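J.: Single-letter residue listing:
There are 2 protein chains.
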Amino acid sequence: MATSIKVGLAGFGNVGKGTYDVLQRNKDLIVKRSGTDISVKRVVARNTARVVPLVAEDVIVSSDWKDIVNDPDINVVVEVMGGIEPARSLILEAISKGKHVVTANKALLAEYGNEIFAAAEKAGVNVAFEAAVAGSIPIVKGLREGLAANDVKWIAGIINGTCNFILSTMRDTGRSFADVLAEAQQLGYAEADPTFDIEGIDTAHKIMLLAAIAFGVPVNMQKVHIEGISKLEAKDIKYAEELGFRIKLLGITKNTNYGVEVRVHPALVPNRRLLANVEGAMNAVVVKGDAAESSLYYGKGAGGEPTGSAVIADLIDIARTASVDVSERPKMPTVDSKHNANPWADFGDTVCSYYMRIPVEDKPGVLAEITRIIADNKISIESLIQKEAPQKVHQTEVIMMTHTTKEADVQKAIRTMQELSSVRGPIVLLRKEELH
Amino acid sequence: MATSIKVGLAGFGNVGKGTYDVLQRNKDLIVKRSGTDISVKRVVARNTARVVPLVAEDVIVSSDWKDIVNDPDINVVVEVMGGIEPARSLILEAISKGKHVVTANKALLAEYGNEIFAAAEKAGVNVAFEAAVAGSIPIVKGLREGLAANDVKWIAGIINGTCNFILSTMRDTGRSFADVLAEAQQLGYAEADPTFDIEGIDTAHKIMLLAAIAFGVPVNMQKVHIEGISKLEAKDIKYAEELGFRIKLLGITKNTNYGVEVRVHPALVPNRRLLANVEGAMNAVVVKGDAAESSLYYGKGAGGEPTGSAVIADLIDIARTASVDVSERPKMPTVDSKHNANPWADFGDTVCSYYMRIPVEDKPGVLAEITRIIADNKISIESLIQKEAPQKVHQTEVIMMTHTTKEADVQKAIRTMQELSSVRGPIVLLRKEELH
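Chains as they are written, first to last, in the UniProt record's numbering: chain G, 1 to 436; chain A, 1 to 436.
By construction, these hints were calculated from the structure, which means they are not laboratory data.
Any given hint could turn out to be false.
Where chains are identical, the list cannot tell them apart; a pair therefore holds if satisfied intra-copy or between any two copies.
Straight line, CA to CA, 30 Å or less: simulated DSS-like cross-link-like pairs of lysine-lysine [what the hints assert, rightly or not]: (1) K288 x K32; (2) K32 x K97; (3) K122 x K27; (4) K231 x K378; (5) K387 x K97.
Predicted, not measured: the structure shown is a model, and the values here were computed from it.
Based on the provided sequences and hints, a complete structural model is requested.
T.: Encoded structure:
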């Protein structure tokens, strides 16, 4: 593909416009670096009248995505519409016509990636998706190429800016989740319906894609354990801080002896770790490889031009390497992969250390009851503090940190403790990630 | 190059052994990811008897580097000997025989890169050097490919682990430079002759290479302003801390209106910045692009396997993309580049904000004299504190932070102040980098 790349751009929201603007502004640089002229021939958007004044005169703007697929001049389709349909149909049709695809659509790839990657491999085209994970950060390339020599042990990432903004603000101000969410919505950091972000689903899509790349597993959202941040209380953030930790919503995937773990949940991270110091809406991903050891990649996880930067990096890659034999390109696993009959770990087998906050009656013997249950479940206590519960008479809170132990054992201990008459409310359970 | 890669490995120190070990251990993964079998056919090392028991039986070990160049089977030479000769001759001869080269040799490339890159381009082979900058961190690939859409504004990096270990330890313990250097030497973090590291030369080599990639300038070590850390005093680290900064040895390159700056010096970094929190012997590089905005890359900057990880990433890249037309591969600038007649900024034109520590006589009117000189040189003061100098009678120290101003003006002001009879010793000048 030494001649030229003619892009069909599907979607002209924030990311579509950012991609277009950067392509125009840095045209000379990009030609120099890619050895190829990359230009947008068509834009498809719902509201064409809004788009026309924002693009050059020779760009054809229309509202039917089939216009892109049916244009034989277009050799790469950039899909930045988001959502499942019509993005899925567009991508599959583009592939079937031999067009390469660049997409920022994490939800689509995490749900339908196996079908899409298999179709692309059959057709001998690329489906590139640097922009789908952590915006501007070249983590897909980093994993596939920069760290290609490594047997990756685990990946942990702050990959949802909305959640990290909320958690950073809760910590800085001591305010409640609901209060800070409302502010985030006002500032445009959170959407009117914030479910995808705050319930961890967006993080789950992204960590699923990173797991697929790192461990060669097909995508399977059923296997991801997902907890969001909506139930997190300001006081746990404060207690964690006192213990030397910050609470972050992490996407985590590990290649363990009992299978591949993929999980999303708030986690206590030691405050000396660089990841704990990622503040506001920023994203960061830590990768542990056997040779490179720990490395971290940090940057803007969203925004028109930062995400556009990743989209264009994929376009340049396609320009540079489309002549490479398909068999030598980095591959995505598909459901047909032979190694992957059942690569998944059971969530109950997860080994972690834990933070528990147990609201209890303030009377002699309670601590003995609790520590007995903990011991019965083979859990070893690292530290234990009693906190006063100023609002409630005759009640205290026990904050317990455990050594590493099995998730299933902890769940069982909690169920048993929860039945004690001296336990006066739901036990809060958080996981600790040392990241070493 | 779909068939196979036969490596000639020149050097079997820490990095050579790390590369070899990782290639062996992760052979299956690497074949899967590269689509190519990568194996070491020959090792060249001074002490062959030491190497033979460390490699497989079918690896040919000898002590003459020409054995690698003259073996027609070998299609990639990995140079991890270090030093200028014979590395330079080996690389040039390998290129002339049509072999690709992978090297970790920053000193060689920063000094002789123009000659080497020009020869490689002429011969149609790659000279890959991910391992030469920041060890395991895929920053060369990140800049060239991941951020290829960006007009890069500046790069700032902690890219010498020895210096960062010394500075982190000085800050943690309040101990002197000499004292901590001795400890670093004992721990193996610093060499017996630490000049290259502590005087900033190693950092300068690496930032020069990053400048060449980002801005398309030929390498030219004459244009780098270099200050190391050997004169840094514990008290400046303490004062900086009180003001909210940490002192790091940074390699900095900026593309400004007055030319490309490349400089190495200790710098005050605001302690909320992620870069300020990079501790111990770790490395990190921040890149500011017009589209991606700020991104940061962090990891191990040295060590056998971490550096080997980068060497092998380059090998895999060569395996995957050697079929790509040379004109489409990322290029290194050479002295022949047309755009680069004189791309360099004068150091005096550097715009920065500054930290000064001025030892002065404790008497009325001294501050008036100093601030008058500052004002005469069009420098605007951001803050000013007087510190007692407990060891010295009738003497205090003025700590001054300036707003952004021109280096030449600051230098002039310092020369003038230094002549005052009330200034009782050399003025300490440090630069502040906000990194935004």
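J.: 30 Å Cα cut-off: does K122 pair with K27 within a copy, between copies, both or neither?
T.: Answer is between; shortest inter-copy Cα gap is 27 Å, intra-copy 32 Å.
J.: When no copy is specified for K288 and K32, does a C-alpha distance of 30 Å or less occur within a copy, between copies, both, or neither?
T.: Close across copies (20 Å), not inside one copy (34 Å); limit 30 Å.
J.: Reference check for the pair K32 and K97, CA-CA at most 30 Å: within, between, both, or neither?
T.: both (29 Å within a copy, 28 Å between copies)
J.: Are the CA atoms of K231 and K378 at most 30 Å apart within a copy, between copies, both, or neither?
T.: within (28 Å within a copy, 55 Å between copies)
J.: Given a CA cutoff of 30 Å, do K387 and K97 count as a within-copy pair, a between-copy pair, both, or neither?
T.: So K387 and K97 fail the 30 Å test inside a copy (64 Å) and across (73 Å) alike.
Checked against the numbered hints above, the structure violates only hint 5.
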